[in-house]
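Hey, can you work out the whole structure from these sequences and the hints?
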Amino acid sequence: MLKNKYIYLLIITVLCLGLLTNPAAAQDDSLNIAIPGRAQTLDPAYLQRVLSDWPVMNSIFNGLVKYKPGTFEVVPDLAKEWEISEDNTEITFQLKEGIEFHKGYGEFTAEDVKFSFERIIAEDANSPEAQSFINLERVEVINQYTVKLILTQPMGRLFTSTLPFNAGLIVSKKAVEEMGREKFASNPIGTGPYVFEEWDVNNNITLKRNDDYFEVGAEYGEIVFMPMSDPTSQELALQSGEIDIGQLTLDNFDQISQMEKFEAEIYPDLAIQYVAFNTSKEPLNNKKLREALRYIINPEEILIGAFAGKAERANSILLEDMTGYWQAPDFKLEDVGEDYVWNLLAEAGYPEGEGLELEYVTDANEERRLIGALIQDQLSRFNIDLNIEALEVGPKIDRWQDGSYDITYARFTNTVDPGYNFQWNLSEQLGKWNLFHWSNKEYDNLWQEAETTLDSNLRAENYKKMQQLMNDDSIGIWVTHGVKTPAWITEIEPVFSPDGVILPWLISNSEE
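When you line the sequence shown up against mature numbering (1 follows the signal peptide of the UniProt record, and there is no 0), it's residues -26 to -1, 1 to 486, in that order.
None of these hints come from the bench; they were simulated from the model.
The structure displayed is predicted, hence computed values, not measured ones.
Yeah, the Cβ is synthetic: ideal placement off N, Cα and C, and Gly gets one too.
Any given hint might turn out to be false.
To be verified - Below, a list of computed lysine to aspartate or glutamate pairs in the EDC-like style, where the Cα atoms sit at most 16 Å apart: (1) Lys439 <-> Asp418; (2) Lys255 <-> Asp447; (3) Lys182 <-> Asp3; (4) Lys255 <-> Glu333.
To be verified - Quick list of simulated restraints, FRET-style, between CB atoms: (5) Lys306 <-> Glu416: 24 to 30 Å; (6) Asp313 <-> Asn226: 39 to 45 Å; (7) Ala338 <-> Pro242: 24 to 30 Å; (8) Ala338 <-> Ile278: 20 to 26 Å.
Rendered as C-alpha cells:
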C-alpha cells in the first residue's frame, strides 16, 4: 500500500513537471510578431492594410512568381518557367507539379490560377485589385500544369508589382467556392509555408508550420501575429517579452537598439504619407482654399513633431530613383508671406478665415493623433477650426470611402513600379481608395497609356505629367516616405524585404 502511494506521488510529480515545462517548450517553437493594427482580411484579392494584412497573407499563399528574399528581383515560385509572346500580350506559364493546398484541398493546378485572377477582374467582384490586372482579358488553361495569361495590351508592371504582390497570390478554387468569399477571408487556404490556424477574439492570428511545404520549410512551428496599433505599445511589448519582433518609435530607437538583448535596423520605406483634401464637396471643392491650405500646413513641423526629425521630406509620390520622379514645389509660407495666404482665403470666400470649420479623420493611434494636433495648430494660426476624429481602422476606411471628411492623413504602401502607386488616384477608385475624391480624365488616360507600353521613357513622361496635374489642382501635400524601424530579440535572425517588411517563414534561430 505504501509502495503504491509512492508510485502515485511520483506520477503526480512527473505530470506537474510536464505541465511546467511543456509551455516553455512550445514557446521555444513559437514566435510572436506585432502588426500595426487588426488585419482586415486574409483574402489577397481584397487586401486593405498592407502592413497588417500582407505579412500574414505572404506566409499563407504563393504566387506564380515572387520577390527573391531581401531583394525586389523577381524569381519563379509556383511557376517554374514562362514564355512571353513577341507582342507581349500572351504569357504562358509552366507550373510546378505535386504542390498541395493546405488542409486537404487538393493539388494546385492551372484551374486555380485561372480562378484566382479572373475573380479579381470579374465585373461583379468589386475587387480593389482590378486595376492591378487592368489589361488582363482572360486566363486560358492549356492543361493541368500549363496556363496562359491573355492581355488586351502589354502590361508594363505585370512582373514588377502585379504578379509578385498580393494580386498575384493563388487561392484554392475549391476552398473559395465551398466557403464563399466572406468566410474565406478569415479562413484562407493557400500553398504557403504556414497554414492558417486561428483568428481569435483578441484579433491575434495564429499560423502553424506547413510540414508538407514544397520548398525548405519554416524553422518555427508556430507564428502569432498580434495587432498593436502604434510603435509605443510594440516597444513595451518587446521589452516585456510579449512579442519577439516589433517596431520602435523614432524617439527611442537609439536607446533600445543599443540594449544587449535587442537588435534593430532602420529601413527606407517605399510608402508615401500625405495630407489629402477631399476635393468633391464643400468647402474643399474650392481650389483657392486648397491652395491656401498648402501654404498653411507645414510638413517640416510634422516631421519634427511626429517623426523626431528622422524622416525626410517627400516632394513626390515616388522615391527619387524611381521611373517618372517629379519634384513638386515646397509651398513654403515664408516664400510668399502671410498676406498672400490671407488673400487666397478671402478669394475663397473666407476673409480672415472666419467661419471655416473642417472635419479631419485620422487613425486612433498616438502618431496620427499627434499629426492631427500639429495640423490643427497650424490652421488655427489662420483662424481655421479643425475638428479631429480619431477612428479605428474599419470605421476610418468607411469614412474614407464614403468621403465624409474634409482632410485626412494617410500612408499608402507603394511598390517598385510607379503604375501601382498612381492607380489609387484614378476616377475608377472613387468610393474605394481615391482619398482625394478627385477625378481627372487626362490623368486616367496618361495612366492607361503608361500601363500598356514597355517604353520606359514614355512611362516616365506620363508619370511626370500626372504628378503635375495633381499639383496644379492642389489636391494634397506629400509629407514623407517614412522609415521602418523593426527590432527583434537577439535569439532570432529575421529576414526583411528591402523596405523592411518581415518575411516570417525565413526567421531562424540565431543560437543554432
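Verification of the hints:
1. Lys439 <-> Asp418: Satisfied, since the Cα-Cα distance of roughly 11 Å is no more than 16 Å.
2. Lys255 <-> Asp447: holds (14 Å)
3. Lys182 <-> Asp3: It holds: about 10 Å lies between the C-alpha atoms, which stays within 16 Å.
4. Lys255 <-> Glu333: Given pair lysine 255, glutamate 333 holds - Cα atoms ~12 Å apart, limit 16 Å.
5. Lys306 <-> Glu416: 24 to 30 Å: The hint (24 to 30 Å, Cβ to Cβ) holds, given that lysine 306 and glutamate 416 are roughly 28 Å apart.
6. Asp313 <-> Asn226: 39 to 45 Å: holds (42 Å)
7. Ala338 <-> Pro242: 24 to 30 Å: holds (27 Å)
8. Ala338 <-> Ile278: 20 to 26 Å: holds (23 Å)
Checked against the numbered hints above, the structure violates none of them.
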